[in-house]
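A.B. asks: Chain by chain, the residues run as shown.
Protein chains: 4
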Amino acid sequence: MGEVARLSFSLEQPLLERLEALRREAGYANRSEFLRDLIRARLVDRAWELNQEAVGTITLVYDHHARGLNARLTALQHDHHHVILATTHVHLDHHHCVEVILLRGRAAHIRAIADGLRRHKGVLHGELSMSSTGKELG
Amino acid sequence: MGEVARLSFSLEQPLLERLEALRREAGYANRSEFLRDLIRARLVDRAWELNQEAVGTITLVYDHHARGLNARLTALQHDHHHVILATTHVHLDHHHCVEVILLRGRAAHIRAIADGLRRHKGVLHGELSMSSTGKELG
Amino acid sequence: MGEVARLSFSLEQPLLERLEALRREAGYANRSEFLRDLIRARLVDRAWELNQEAVGTITLVYDHHARGLNARLTALQHDHHHVILATTHVHLDHHHCVEVILLRGRAAHIRAIADGLRRHKGVLHGELSMSSTGKELG
Amino acid sequence: MGEVARLSFSLEQPLLERLEALRREAGYANRSEFLRDLIRARLVDRAWELNQEAVGTITLVYDHHARGLNARLTALQHDHHHVILATTHVHLDHHHCVEVILLRGRAAHIRAIADGLRRHKGVLHGELSMSSTGKELG
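Protein chains in written order, with numbering that gives the first Met the number 0: chain A, 0 to 137; chain B, 0 to 137; chain C, 0 to 137; chain D, 0 to 137.
Simulated from the structure, these hints should not be mistaken for laboratory data.
Don't take every hint at face value.
Under the rule of at most 20 Å between Cα atoms (straight-line distance), these lysine-lysine pairs were calculated in the PhoX-like manner [stated by the list, open to error]:
| id | chain 1 | residue 1 | chain 2 | residue 2 |
| --- | --- | --- | --- | --- |
| 1 | B | K134 | C | K134 |
| 2 | A | K120 | D | K120 |
| 3 | B | K120 | C | K120 |
The calculated label-pair distances, taken between Cβ atoms and stated as ranges, are [said to hold, decoys possible]:
| id | chain 1 | residue 1 | chain 2 | residue 2 | range |
| --- | --- | --- | --- | --- | --- |
| 4 | C | H81 | A | H90 | 39 to 45 Å |
| 5 | A | A111 | D | R5 | 16 to 22 Å |
| 6 | B | C96 | C | D92 | 50 to 56 Å |
| 7 | D | H81 | B | A4 | 21 to 27 Å |
| 8 | C | Q12 | B | A25 | 26 to 32 Å |
| 9 | D | H63 | A | T73 | 29 to 35 Å |
| 10 | D | H94 | A | L75 | 49 to 55 Å |
| 11 | D | R5 | A | H90 | 29 to 35 Å |
| 12 | D | H63 | A | A111 | 43 to 49 Å |
| 13 | B | A107 | A | T73 | 23 to 29 Å |
| 14 | C | A70 | D | D114 | 41 to 47 Å |
Just a sample of chain A residues kept apart from chain D, beta carbon distances all over 12 Å, derived [as the list claims (entries may be wrong)]:
| id | residue |
| --- | --- |
| 15 | E11 |
| 16 | S31 |
| 17 | N69 |
| 18 | A70 |
| 19 | T73 |
| 20 | A74 |
| 21 | Q76 |
| 22 | H81 |
| 23 | H94 |
| 24 | A111 |
| 25 | S130 |
Model, not experiment: these values are computed from the prediction.
Every residue gets a Cβ at the ideal spot worked out from N, C-alpha and C, and that includes glycine.
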């Protein structure tokens with residue numbers, strides 16, 4: 000954890016009680032950890048707004064019977080192999096499969112790859128999840 | 000402000016520095032206020048998820064030449080007059096106007112009214128902003 | 000409405016049925032209008048991403064007993080009077096009030112004003128709703 | 000693709016031009032596909048709101064030096080093994096790793112698992128991406 004600081008701040012008594020209710024409901028035993036996670040979530044939002052280095056996950060649902068789709072998705076991934084960390088594929092039923100692509104790179108680059116994958120015919124849904132390399136999270 | 004509590008929590012030194020950068024960038028002179036606002040934003044999200052009493056703002060952009068639209072929007076607002084606090088109307092150009100409707104009531108009720116307004120032909124855009132009565136914010 | 004085009008597109012029969020279910024649930028009698036609204040919502044998102052001219056609504060909940068807050072909020076609004084279309088104020092209870100500020104300007108400018116208002120002590124919640132001047136919505 | 004329907008709808012000429020600009024910008028060669036994807040994205044949103052069967056991806060960034068964390072995350076995943084389809088793990092640097100967990104189940108169940116993973120000390124960021132089994136997407 001490295002060097003640890005201690006921070007102290009004031010808040011109205013009713014706001015403290017509501018913070019405690021939020022924390023309990025979210026299942027956090029530790030209030031410091033809950034506050035740190037609030038801060039970290041804001042940091043990740045800003046990293047994506049500022050196009051910093053980030054980690055992203057693209058989830059694609061597609062029909063693997065769509066002609067030529069597999070080849071096109073694979074080619075597109077190869078073009079960007081230097082930012083793709085790993086890919087996981089699961090067969091959902093006779094028609095549908097889901098592919099999860101984990102990437103690390105500039106936020107805008109990850110976004111562009113997600114757009115490039117999503118637009119192919121046969122890709123029924125594509126969703127980008129924005130996360131972090133962990134470096135800026137302490 | 001009523002009774003004030005003091006809360007203290009630990010965080011890694013680099014996380015503290017990043018929190019400070021966030022705060023400065025958002026223009027907060029006061030760190031306590033920045034932390035309180037992070038907590039309050041989460042409280043408002045939860046109030047809407049739990050269908051508590053809330054304040055909402057509906058922004059409608061519409062073409063006031065659309066036949067019968069004004070009458071229909073007014074009728075719909077009258078049906079819900081007990082939750083509508085105020086309405087403001089601005090003429091944007093020869094065709095378009097914007098109407099802002101401020102409401103107070105159960106979150107789900109406010110949402111239903113927004114849906115009811117948005118779907119009319121001639122309403123080009125309808126957006127709901129979720130806020131709070133202030134009671135749970137300290 | 001001006002000149003009207005007619006657009007035709009193919010979709011799988013089950014997707015058509017699900018589109019119909021969505022439309023009925025959202026209370027649209029008219030399928031064309033439902034499709035146009037889907038397109039318009041996407042257009043508004045893009046206008047904000049591209050920092051085009053837009054309409055925005057800022058909803059502020061604040062404690063009007065907070066010392067000096069009213070004066071500061073008023074001063075800040077005067078600094079930006081050329082982009083503020085109208086302001087509506089409602090007293091919620093003895094302590095809290097809500098103010099809705101309707102603006103028209105560049106998306107980034109509206110965002111900056113929202114940030115500037117939100118950070119003041121006594122402002123318990125500030126939310127920006129992104130809408131449109133209607134011009135790009137047909 | 001099964002049986003294919005053809006749908007036709009009217010829209011104002013300027014709205015059509017703006018739809019075309021959106022489509023080109025998003026890189027879709029095919030307008031039908033762009034419209035179908037707009038509809039499908041809305042369907043996935045509704046499936047999550049209605050707690051239907053869904054596919055979700057949880058991305059966790061964590062410090063694998065955090066004492067006991069690995070064991071706790073593994074235990075939690077085992078408790079829910081019947082909804083977990085696959086897990087992928089990548090080492091980001093000496094301290095941080097990212098784990099992507101692909102799940103299939105009721106939307107609320109997937110959400111609860113994401114909350115359960117996120118709150119552990121050492122988990123720096125947890126994000127849930129909401130997708131679909133593909134069944135309702137045509």
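A.B. asks: The structure should be examined with respect to each hint, and the outcome stated for every one.
C.D. replies: A quick look at each hint next to the structure:
1. The straight-line distance between the Cα atoms of K134 of chain B and K134 of chain C is roughly 39 Å, outside the 20 Å bound, and the hint therefore fails.
2. Restraint check for K120 of chain A and K120 of chain D: not satisfied, since their Cα atoms lie roughly 42 Å apart, outside the 20 Å limit.
3. For the hint pairing K120 of chain B with K120 of chain C, the CA-to-CA distance comes to about 42 Å; that exceeds 20 Å, so the pair is violated.
4. A hinted range of 39 to 45 Å for the beta carbons of H81 of chain C and H90 of chain A is inconsistent with their spacing of about 58 Å.
5. For the pair A111 of chain A and R5 of chain D, the beta carbons lie near 33 Å from each other, so the given range of 16 to 22 Å is not met.
6. For C96 of chain B paired with D92 of chain C, a C-beta distance near 31 Å fails the hint of 50 to 56 Å.
7. Distance hint check: the CB atoms of H81 of chain D and A4 of chain B are about 44 Å apart, inconsistent with the given range 21 to 27 Å.
8. Judged by the Cβ atoms, the range 26 to 32 Å given for Q12 of chain C and A25 of chain B is violated: they are separated by roughly 50 Å.
9. Under the hint 29 to 35 Å, the C-beta atoms of H63 of chain D and T73 of chain A, about 31 Å apart, fit the expected range.
10. The beta-carbon spacing between H94 of chain D and L75 of chain A, approximately 31 Å, falls outside the hinted interval of 49 to 55 Å.
11. In this structure the supplied range 29 to 35 Å holds for R5 of chain D paired with H90 of chain A, their Cβ-Cβ distance being about 31 Å.
12. A hinted range of 43 to 49 Å for the beta carbons of H63 of chain D and A111 of chain A is inconsistent with their spacing of about 30 Å.
13. The hint said 23 to 29 Å for the Cβ distance between A107 of chain B and T73 of chain A, and at roughly 45 Å that hint is violated.
14. The beta-carbon spacing between A70 of chain C and D114 of chain D, approximately 42 Å, falls within the hinted interval of 41 to 47 Å.
15. The Cβ of E11 of chain A lies farther than 12 Å from every Cβ of chain D, with a closest approach of about 25 Å, so its non-interface assignment holds.
16. Look at S31 of chain A: its CB is around 9 Å from the nearest CB on chain D, not clear of 12 Å, so calling it non-interface is violated.
17. A cut-off of 12 Å between C-beta atoms confirms that N69 of chain A is not in contact with chain D; the least separation is 15 Å.
18. The beta carbon of A70 of chain A is kept farther than 12 Å from every beta carbon of chain D, the shortest such distance being approximately 16 Å.
19. Annotated as non-interface, T73 of chain A keeps its C-beta farther than 12 Å from every C-beta of chain D; the closest such distance is 17 Å.
20. Against chain D, the non-interface label of A74 of chain A holds: every CB pair exceeds 12 Å, the least being about 15 Å.
21. With a least CB separation of 15 Å from chain D, Q76 of chain A remains clear of the 12 Å interface cut-off, as annotated.
22. Remark: the non-interface label on H81 of chain A is consistent with the geometry, its nearest Cβ contact in chain D lying 14 Å away (cut-off 12 Å).
23. Not every CB of chain D lies more than 12 Å from the CB of H94 of chain A, the least distance being 7 Å, so the non-interface label is violated.
24. The beta carbon of A111 of chain A is not kept farther than 12 Å from every beta carbon of chain D, the shortest such distance being approximately 9 Å.
25. Under the 12 Å C-beta cut-off, the non-interface status given to S130 of chain A relative to chain D is violated; the minimum distance is some 5 Å.
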